[in-house]
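Trainee: Residue-level listing of the chains:
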Amino acid sequence: MTGEIKMKVGVFVCHCGKNIAGTVDVKKVSEEMKKNPLVSYSTDYMFMCSKSGQELIAQTIKDKGIDRVVVAACTPKLHEKTFRRVLQKNNLNPFYLEFVNIREQNSWIHSDMKLATIKAIDLVNGAIERATTLEAIDSTEYPVEKKVLVVGAGVAGIQAALDLVEKDIEVYLIDIDATIGGYMAKLDKTFPTNDCSACILTPKMNDAFTHPKITVMTLTEAVSAQRVGGNFEVELVQHPRYVDIEKCRSCYTCIENCPSKKRPNKFFDNIGTTKAVFFPFAQSIPKAVVIDQDYCLYLKNRDKGRDVCRRCEKNCPSGAIDFSQTKKHITMEFGAIILATGFEDFDPSIIEEYNYQNSSDIVTNSEFGFMFNVSGPTDGKLIRPSTNKAPKSVAFIQCVGSRDDIAEYCCNIGCMASLKHAYLTLKQNPDTKVYICYSDMRTVGKGYEEYYKRIRQMGVRFIRGKPSQIDVLPDRQLQIKVYDSAIEKLENITVEMAALQVGLRPSKKAGEVRKIFGVDPSSSGGEMNDYFKELHPKLEPVDTKAAGVYICGCATSPKTITSSVSEAKAAASSASSRLITGKITIANNTAQVNEETCVGCGACVEVCPFDAIELQGPIKRVAVVNPTACKKCGTCASVCPTGSMQLPHYRTIQILPQIKGITDKNLEVKES
Amino acid sequence: MKKEKERVIGFCCNECAYAAADLAGQSGMKYPVNVRIIRTPCSGTTDPLWVLDGLAQGAKGVFVSGCLPDQCHYGDGNVHMEESVVFLRTLLKAIGINPKHIISYLNSAGMPEAFSNSTSDFVKGVLSLPTLPNIKSEVKSADKRERFLEILTAYAKATGKIDKLDEKPIPREGFGLITVDEDKCVSCGSCGYLCETNAITIQESKKHRKMYFAHYLCTGCEACVRACPTEAITVNKEIHLKPFLDKENNQFAGSQLVTCSNCADKFATVAILEKIEDQFELIDSEIISLCPSCIRDVVGEDFVNLSRYLEAANIASEEKAK
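Chains as they are written, first to last, in this note's numbering: chain E, 75 to 746; chain C, 1343 to 1664.
Incorrect hints may appear among the rest.
[What the hints assert, rightly or not] With the Cβ distance kept under 7 angstroms, some of the chain C side facing chain E (calculated, not the full set):
id : residue
1  : Asp1364
2  : Val1375
3  : Pro1383
4  : Asp1389
5  : Asp1395
6  : Leu1519
7  : Gly1531
8  : Tyr1535
9  : Glu1538
10 : Asn1540
11 : Cys1605
12 : Phe1609
13 : Ala1613
14 : Glu1616
These are calculated hints, taken from the structure and not from any lab test. Cβ coordinates follow ideal geometry from the N, Cα and C atoms, glycine included.
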C-alpha cells in the first residue's frame, strides 16, 4: 500500500477571504510545505471551494501528476464532499483526499498569528504524512430482496405496508394479535376532528388484507433474525388459530354453539367476556373467528386424552374449524424491516392512593373510551360499571404514570384523549358533570387548541392540579381530593366515575424485538426504555443504528395517530430507498481483517456494537467482518491485540505518520 | 520548550466531539492554541497505542473525546474508549508516568462550551506538569504489540520504575496470562502447536520436551484452552507488568519423551502414557510403547479408533485365556 510508487502530494491552503488568512499566515504555510520531500506542489488560494479553486486542483492533477491531495480550509463537514468530487472527476480515487481544518479549529479559535500559523503548519504536515498512506476505496454491490417485513399491524404498520406496495415492494405484515388494526381499531372517535375511527381505519385494514402484494399473518411473531449479504433471514412463528381463514364465513354458528362463555375480552382490556371461539371485534380482519386454547373445552381436555365438546366443529357449515393446526415455523429473507410494535397502557394498580383495583368505577381512560365504541364491549353505551347505568358525574385524572416519579416523559395524547372523552360523554348524556384534573393542558397540534376551546365552552370543569387521593365512599361514590392551583383552593369533588389517563409504555415484546433486530434502546435500563432508538432524533427519526431496520409509530415514543401515520410513511420511504434498485452499494471501507495475522481471539467480536464480526474456522479461527452490518466505527480495530483488524483510512499505519507529522516540525518552528 | 509551543493531541469523534469543536469555532469560543485535533469516526476508533504514541512523539498531553453516555452514534464506542483511557492511565501510573497526561471527556455536538472548557482545563493542567522523558528515538517498531511494549519499556526505564514494577495485574482484553494445572498437564504440546503468536513454545531435546510461556506475546485468544485435551489451562485476560516488560519466557511444563520400541521415534511423553495407562490395562503392555504408526503396522488397526481396537484386543485376550 505504501512505498509502492513514490507519492506526489499537492497541498492547497485556502485563505477563505480573511477568515483564515486574517489569523494564519497561509503563504508561510504553503511555503513551509514545499520543504517536505513528499510534496511536489504547494500553493495558497483565496477561495479553494470556488469554481476557480476547484479548477486549480483539477489543473494541478493534470499538469503535475499529483496523486494525493491535501486541502487546508474549513471543516471537512462542509466541503470534504466537494473536493472528493473534484478528485473523482479527474480520475483520482476520491479517497485520496486529506482535509485539514484550519478555520473552525484554528483561525476562529485563536488570535496570535504566529502561534496559529505554527499550528496550521503542524496540522498540514500531519495531513501530508497521512495522505501518502491513503489507499483507494471502491465499492461493492449486494443484491437485496424487494421484500419488507413489517412487525406490528396497527395503523402505522398498515400504512407503511400500503405505501410500500405502491412502490411495487412485497410486504409481509405480521401481528401477534388475531386481527390487524392495533389500538386504533378499539377507538370510537379520533381527535381533533371526531371522525369515526373505524370509518377511516377499516378500509385501510381491508386494503392491506386484500392487496396481492401484502401477506397478512396474524398470531405471528419474529423469533430470530440474521444478516445474509444485504438481506435479513428472519424466522417467523405463527401460532395456531384453529380456524381456516379461507373457509370461515363469519356466520356466528360456532359462537352460538360454544358453551364456554367466560373468556375475558382481551381486545378491549378485559372489559366484558367472549366465548372461547370469538371475533376479536366486529370488523376484525382477517374476518374469521379464532379459538382461545386456554378457554376451549376441547383443547383444554385434548392434552389429557379426553375428547369432549367440539360443538363448533360439528356445527360449522363450512368446515372451517381445524383443531389439527399447530405452531408453524417459517424462515424467509427480507431486504428491510419496519418495526411498528406500538404501545400499551401503564398499569395504575401500583398507585395505591388512586384505588384503581378497589373500585370498578375507576377505569383507565382507554377502558373509558372503549365503551363508546359501537362494536365494543358495551355496544357503544357509556355505563358506570358498578350499576350498569350512565354515570351522572365523571372526573378525568391526567398524567397517571407520566410526568411524575414513575416516568418523566409526557404521554402526548392524554390531554386530547380526555377532551375527546369529555365531549363524547356530554354528547351521550348532556347532563353529566365532567371534571378534568390536569397538570398542564398540552394541546399542541393542528386544530387541537380550537378543540380544547370548544370543549371548555361545553361546561367541562377544569381543575389545575393532580389529585392526592381518590377515596371510595361507602355508597360507591368516589371522592377526589385535589388542590386547584389556578384558584388556589383545595377541592373535594364527588363523582360516580373516574378515568385515569395513564401513561404509555412500549409494548411488552418490544424489548425482545429490539434485540432480535439489533436496535438500541432509547436510554439505558428500565422497562420504559424499550422504546426504539432512532439513528438521529431530528435528522434520522425513522432510521436505526441497524442499517435496513426502520421504526415508526408509538414503538419509538408515545404519539398521535397523525404522527404515527407520518412516521409510517417516512419509514416506508426510507425502506424503499434501500430496496428500490434491488441492490445496495457499500463503500469498501468497512473494517478489514488480515487473515494471516489474526489469531481469532475474539476481542473484536466482544466490542462490535453491530454484531458484524464472527469467528470462523474449525481449528485456526479468524475474525470475519460482515460488510453489510459493519458501520465503520473502528472499535474492533482499537482492541485488536495484533493489529490484524483495521479500519481503512484509520489504520495504525495511517494515524501514526499523522502524529509524527504533527509533532515533527519542532526545529523549524523554533527558528521562525 | 515554551509553553505555547507545547502540543496537545486530541482524538475527536466525528459525530460529537469534532462537531462540538467546530461549533466552538463558529461561536467564537477559545481554547489553548496547543491543541491539535485528529478526527476519528467514533471515539472507540482511538487505539490505545495512538494515545501512547502521541506522548512518545513529544506531545505533552493527549485527550480523547466522544459522545455523551448512551448517545454514541455507534452503540457504545464511547464506553470502550473510556475503558481504554482508564486502562492507559493505570498503565502509565504503574510505569511511573503521571496519568494526568491523558484524559477522556464526553460531550454532545451541541455542547461547544463544555468541549472548550474541558479542553482548556486539560491543557492548562497538562502544561503545568513536568516534562515527560524523551523516548522518541527508542520507538521504532511498526508492529502494534512491539511498539506498545517499546513505549512502555522506554518510559519505565526513564523513570526507573522498571526495577520495581507493581505485581498487581491490570485487566484488559487482548492480553493473557495462562495458569496451568500441573496435575493435569501431560506436556503433550498441543497448546504450543496451536498458539498463533508463539506465546507458548515447545523446546525438545533428545529426551525431553519443555514448554515455555511468554506473557508479552499472549493475546488471550484461548486457542491453548481449546487445544488442551486435559483441560489444564485457564487464561486470565490481564497484563502483569513485570513479565510483560521483561519479555519473560518461562518454562511452565515439561516431561521426558518416550521413544517407540519398534522404530525409535519420539511419540509421547511419560506423562501422557501415565495418563492413559489405565486404558491399556487389558492389552499387551507392549502396545503402549509403540508409536501410532507402528501400532497401525503391528496391530493392523486404526489406532485412533481405540475402542474398536480394545474390543478386538479383548476378544483376543479372552481367546488366549481359553
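Trainee: When the hints from earlier in the document are held up against this structure, which numbers fail?
Mentor: 6, 7, 8, 10, 11, 12, 13 and 14
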